[in-house]
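A.B. asks: Sequence:
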Amino acid sequence: MRYKRIAKKIQKRVKKLKYLSDDQLKKQTALLRKKLESRKNLEKILIEAYATVCEADRRVLGMSPYFSQIIGGLILHYGNIAEMKTGEGKTLTATMPLYLHGLLGEGVFLITANPYLAKRDVKNIGRVYQWLGLTVEVGVSAEGDDDSERDLKRIYSADIVYTTHSGLGFDYLFDNLATTLDKKYLHNFNFVIIDEIDSILLDQAQTPLIVSGAPRVQSNLFETSERIIHQLKKNIDFHLSEDLKNVWLTTEGIHHIEVYLGIKKLLGEQYKKVYRHIVIALKANYLFNKDRDYVVENNRIVLLDKMNGRKLEGTKMQSGLHQALEAKEHVDLTEETRAMASITYQNLFRLFKVMSGMTGTAKTDAEEFRDIYHLNTIVVPTNKKVIRKDYPDKIYVDNQDKIESSLKEVSRAQKQKRPILIETGSVSMSDLYSRLLLSMGYAHNVLNATSIAKENKIISEAGNSDSITVATSMAGRGTDIKISPEALKNGGLLVVGTERMSSARIDNQLRGRAGRQGEPGESIFYVSLQDKIIIENAPEWVKNYRKSMQSTKENNTEKQIKKRRFRKIVDKAQKVQKNAEVSERSQTIEYDEVMKIQRNYLYKIRNRIMRAENIDKWLNKSIYQALNNFCQNVKNESDLNNFVFNNIDYSFVPNSNALPQNWIKRKKKVIEYLLQIVKKRNNKVKEMFSNSDQAEYYKRLVLLKSIDAMWIEQVDALQQLKGIVSGRSWGQHNPIYEYQDEARASFRNMKKGIYLSVLRNFLLSEIVYKSDGTMDIIFP
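So the sequence shown is residues 1 to 780, counted in UniProt numbering.
I should point out that these hints are in silico values taken from the structure, not numbers from a laboratory. Warning: the hint list may mix true and false statements.
[Unchecked claim] Mimicking EDC-like on lysine to aspartate or glutamate, the simulated pairs with C-alpha atoms at most 16 angstroms apart in a straight line are: (1) Lys722 to Asp741; (2) Lys384 to Asp293; (3) Lys272 to Asp293; (4) Lys559 to Asp401; (5) Lys722 to Glu590.
Input sequences plus hints: build the corresponding full structure.
C.D. replies: In structure tokens:
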């Protein structure tokens, strides 16, 4: 294997570097940088650089990377995903490729799961880079810190930056809203390692980063719709799909609403907004569950990550769905806002020249990583053999029998004084297990979205003998559970799954909490035919079997289902779910590809304007295009005069004699006529500035603000368009094609809007000078 050969050479070189003094080893950085002229030369210094940082790890941290970790570091350098099991030292593995790429300077990132981990790693691991003469920064504020105090210039000029996916994403979006070059800090996207890459690129693929701007006119229909839907009857007025993912009104339901509101033609143009709000209210009430999809906290709705149960602070659902959830839970309604800028994690990380990632569970989704991101997944062999025992699922008809049996397993392990991790699929289920454990007299900790502030303390105690931790699947990632010596003697950690998750990958993460680094441990999952994954994805005969067994339950003494055909039901249900999610993620990328092309075009234009030496060239082109676009459709003199008055000069006095003869058929003459009016107005604009620097700043700002204002409208329009066309997948309609066609048309209109906005902003804005010599610009 190629990586093994290189790793052996690195280990051989490390042995020689051990004889260097500290000062001599530190000088390696300067020597290596001298050999570097470009990224292409990285290969020439790879072995020396990796050996240098390996020896520095030993001297600074007291830890030398294992052979398997060196292999992992090579996998990352070459732009792949390294699958490394829990406890195999991903943090130390990353030091090697980060140091190598950090030698080139800024644009090297490690993406962590949360701000705490970023800060922790810079404090601990960052000492190695600093000892070797590189700069390292934390790119995101810790919880409770003032975000405005971050020195972005210092952060993003560092050789290596540890940050979070959302922190980098929002900084990128705000960076491209800057109006001057000194407010732009992100210049290079050279190399990135994404920790828990499957969580970011797969689990959060459907959650775009959105910078919200001006609020929409607030609708009063959310609370009204909430009242209306409670007058409707399930299976009569509306239907839920078998997988509980869609809801729709029936003909009877539409009629009942029309009678209730005293209107006709609910589906007509006049009541389109009413119909939309009622459908949104139905979705909020029947497709989203409290304590599984969201929690209510401090009179607000906080969304939960469907894969790990963590709170998604600052994230809101779009298209009014968030406000519908607020109406459902009777909390204060927040404003619906327009999106100023947006990007998905897929396209954020595609900005990098080299993207790589680490996780304990990627092989199950290797095909998607390869097809979508062109990333190969390579399994890094464990340093010590895994001896954990993973027992077959125990399957039951209903939740009651499942819960009773799982608690018996907990009692058995508790008597052995083993640490126990009980995994649940929702906050409400973790609370139920907590109450049941209390009734049994068992002390325990609960880790879910409502107790996340205590996460590190809870995890630090979870490996003690006879400790019990109840957690949602958020316990599958993050800080390692360190098993005490006594607990190891008693058999190690027991992971008890109370339901299989939506993905085999998540199940594997939870199993991987036990048996790290060759330690003993066990895992077992308890499953019922009432579990979410089975209800939503299992075949019809399973549902029928469950109903028949529940109706004859009293006659059955055998609670556990042992029939052979049930063994693969969960695996098949997970495959159905996975295929659906892969399809959704693929569609998301197709939709976002349109916005990506448009966003890249606009950001490129913005950057060129900020760097332009001849700003008049850009301004004059925009003004000419605005006039030309208008002249293509002008019909009469009244239209012409109104255009001049509203877009060029508020004090314009019409003069028919000034117009060229037969002007409607002579477009060039009309443009010349309008340019004369623009020239006169421009002379007045010049008088507002005392020097050329002020005038140039004004022109540049006019261009940028015009682009930004119209881009905000475009982003908002594309988001609404996506929601509209996604419901057209019937007949001969292809939602993706229709979205692409309409998005292109919208983009052409946006460009026309930018030209017109430049014309208006340049000629009609008001300048107000303040006592300190600065000026405020009031755009029309």
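A.B. asks: Hint by hint, say whether it matches the structure.
C.D. replies: Structure-based check of all given hints:
Between Lys722 and Asp741 the alpha-carbon distance is near 12 angstroms, which keeps this suggested pair within the 16 angstroms criterion. At roughly 38 angstroms between alpha-carbon atoms, Lys384 and Asp293 are farther apart than 16 angstroms, so this suggested pair is violated. Our distance criterion of 16 angstroms between C-alpha atoms is broken by Lys272 and Asp293, whose separation comes to about 28 angstroms. About 7 angstroms separates the Cα atoms of Lys559 and Asp401, which keeps this hinted pair within 16 angstroms; it holds.
At roughly 11 angstroms between alpha-carbon atoms, Lys722 and Glu590 fall within 16 angstroms of each other, so this suggested pair holds.
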